[in-house]
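Residue strings, one per chain:
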Amino acid sequence: MSLIVNKKVGDSLRSPLILPPVTRIDLIKYAGASGDFNPIHTIDDEAEKAGLPGVIAHGMWTMGNLAKLFTPYLEEGYIKTYQIRFLGMVFLNDEISLNATVSEKTTEEISFEVVATNQEDIPVLKGLVIFSLNDSKNESSFHEL
Amino acid sequence: MFVNIIRKRSNKVLNVVERGAVRSFVNAIDDVHPIYIDEEVGRRSRYGQNICPPTFPCIFDYGDFSDVHLPNIGLIHGEQTYHYNRPIRIGESIYCWKEVKGYKEKSGKSGTMGFLTIEEIGEDKESNKIFRAEKVIIITESVRRELIK
Numbered sequence: 001m002s003l004i005v006n007k008k009v010g011d012s013l014r015s016p017l018i019l020p021p022v023t024r025i026d027l028i029k030y031a032g033a034s035g036d037f038n039p040i041h042t043i044d045d046e047a048e049k050a051g052l053p054g055v056i057a058h059g060m061w062t063m064g065n066l067a068k069l070f071t072p073y074l075e076e077g078y079i080k081t082y083q084i085r086f087l088g089m090v091f092l093n094d095e096i097s098l099n100a101t102v103s104e105k106t107t108e109e110i111s112f113e114v115v116a117t118n119q120e121d122i123p124v125l126k127g128l129v130i131f132s133l134n135d136s137k138n139e140s141s142f143h144e145l
Numbered sequence: 001m002f003v004n005i006i007r008k009r010s011n012k013v014l015n016v017v018e019r020g021a022v023r024s025f026v027n028a029i030d031d032v033h034p035i036y037i038d039e040e041v042g043r044r045s046r047y048g049q050n051i052c053p054p055t056f057p058c059i060f061d062y063g064d065f066s067d068v069h070l071p072n073i074g075l076i077h078g079e080q081t082y083h084y085n086r087p088i089r090i091g092e093s094i095y096c097w098k099e100v101k102g103y104k105e106k107s108g109k110s111g112t113m114g115f116l117t118i119e120e121i122g123e124d125k126e127s128n129k130i131f132r133a134e135k136v137i138i139i140t141e142s143v144r145r146e147l148i149k
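The listed protein sequences correspond, in order, to chains B and Z.
Numbering of the first sequence is given in my numbering, commencing with residue 1 and proceeding in unit increments.
Numbering of the second sequence is given in my numbering, commencing with residue 1 and proceeding in unit increments.
Extracted from the complex, chain Z is given alone in its bound form (with noise of 0.2 Å):
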């Protein structure tokens, strides 16, 4: 299963920085540093804006797979790796999209699960790469069967 919709796209999305949403996350993680939230701070930085933390754009809308449907519950996370050209900056639109990057199953005692890549990329207006996200999803045999039925 699967093996079809590897290097299936989703349509581009813009994301728009929110210094509100910034906000919001660098609270719920109690990483309250001025270099996200006060303006002066920002300005006079090296990056000349606040900035978001690494793992901000999990917020990010990456768009729809127009034909892949998974469950929100039963999957695992397994990994998570972003890579940065340089820092997100507050107020800066983002273009994001994802792309199944490749699946594959393992068996073990638990029975045989499925392990699924996917990659995110945003971009600047010029098409620039500012970062690239992959998550490694497990799917769990009980899970597995239920997409299969």
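Okay, chain B solo, but in the shape it has when bound (with noise of 0.2 Å):
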């Protein structure tokens, strides 16, 4: 696999991962993993009651799923910044596709443009990740943030 400090502006960092359709295993198992047991991500009635037509994932399953197309690198660095905004609903079944895309680079940091999409090629987040080339062990480097 290449490195991501040879990737550059307008590179992707590789193909984009699409995931299996959603299940609601997937959410009970990310409910029980984060914590966040709000019905509307596991229980259709709740979800009615709601005013959605079924049961939506947690935003931050999409979230953390998209996170993981940088952990292959990260003996090169580690993110520094992952800023999203959540733009639309994921439902079961849905299919979607995580991207990062190269927006800016420096010799300290590569910035990315991450999105994910369903299967309709609507985004359903979008944001920026930031990947640090620092070597983290020096901690006397912490900064306000």
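Don't take every hint at face value.
[Said to hold, decoys possible] Cut-off 35 Å, straight-line C-alpha distance, at most; resulting in silico cross-link-like pairs (DSBU-like, lysine-lysine):
#, chain 1, residue 1, chain 2, residue 2
1, B, Lys126, Z, Lys109
2, Z, Lys8, B, Lys8
3, B, Lys49, Z, Lys101
4, B, Lys126, B, Lys105
FYI, nobody ran anything at the bench for these hints, they're computed from the structure.
Once you've looked at the hints, go ahead and assemble the two chains, each given alone in its own frame, into the complex.
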């Protein structure tokens, strides 16, 4: 696999990662692991009471999934900023594609435009990842975030 | 509404980053990479220890605002940001709290919506900031009416 440091502006991190269709078990597992038991994510009746056609994925489930595009590169650096705007709902059986494209690059960090889209190519979330190439062992470099 | 709660802070809460919690979290987002779960890989990595994925702090306890009560139903998560000084390591102790950063209302065709911004902080024992998160919660007209009652 190529190094993240060799990516140029306009390059994608990889070919889009397409997740398997969303299942109820995916959302039950995420509810358990994250502690977010809002029932609109798992129970149809509760989703309908909230005016939804059915259960919807936790926004954080999709955001968590998108970050894994960067996991293979964690020996080169780490995610310094991860900023997301949730744009649309994700329903059961949706097929979500995850994408990251280099938007800016310096010797210290690489910025990516990130987006998750559904099977109709409608963005469900969009945002920015700044990947730091600095050595994080140097903790004397603590700064105000 | 909510204007009087801006700047309100929660109590600080100690969170210990548990290996099992990280394993179950990376399982749930299908991101089961050795850097998160394999001890030997963690030890040999540039971090000297297994680390956590960037959205993991959503499981932490950030304490409570003493007199701010939000329903946990009917709110919409609008935006979420994480800023890191370094990744979070498994096993470390993190002190977390949150603060109400702002509230504004916007009127549109579906009524007046509220936008509540909450900041969440995690720091180490020496009070060095490890991460800062910010979330925007959208409060719809119908939920807002319930809250005003």
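Checked hints:
The suggested pairing of Lys126 (chain B) with Lys109 (chain Z) holds, with an alpha-carbon distance near 24 Å, which does not exceed 35 Å. Of the pairs offered as hints, the one joining Lys8 (chain Z) and Lys8 (chain B) is violated, with about 43 Å between alpha carbons and a cut-off of 35 Å exceeded. With a CA separation close to 31 Å, the supplied pair Lys49 (chain B) and Lys101 (chain Z) stays within the 35 Å bound. As the CA atoms of Lys126 (chain B) and Lys105 (chain B) are separated by approximately 19 Å, the hinted pair is consistent with the 35 Å bound.
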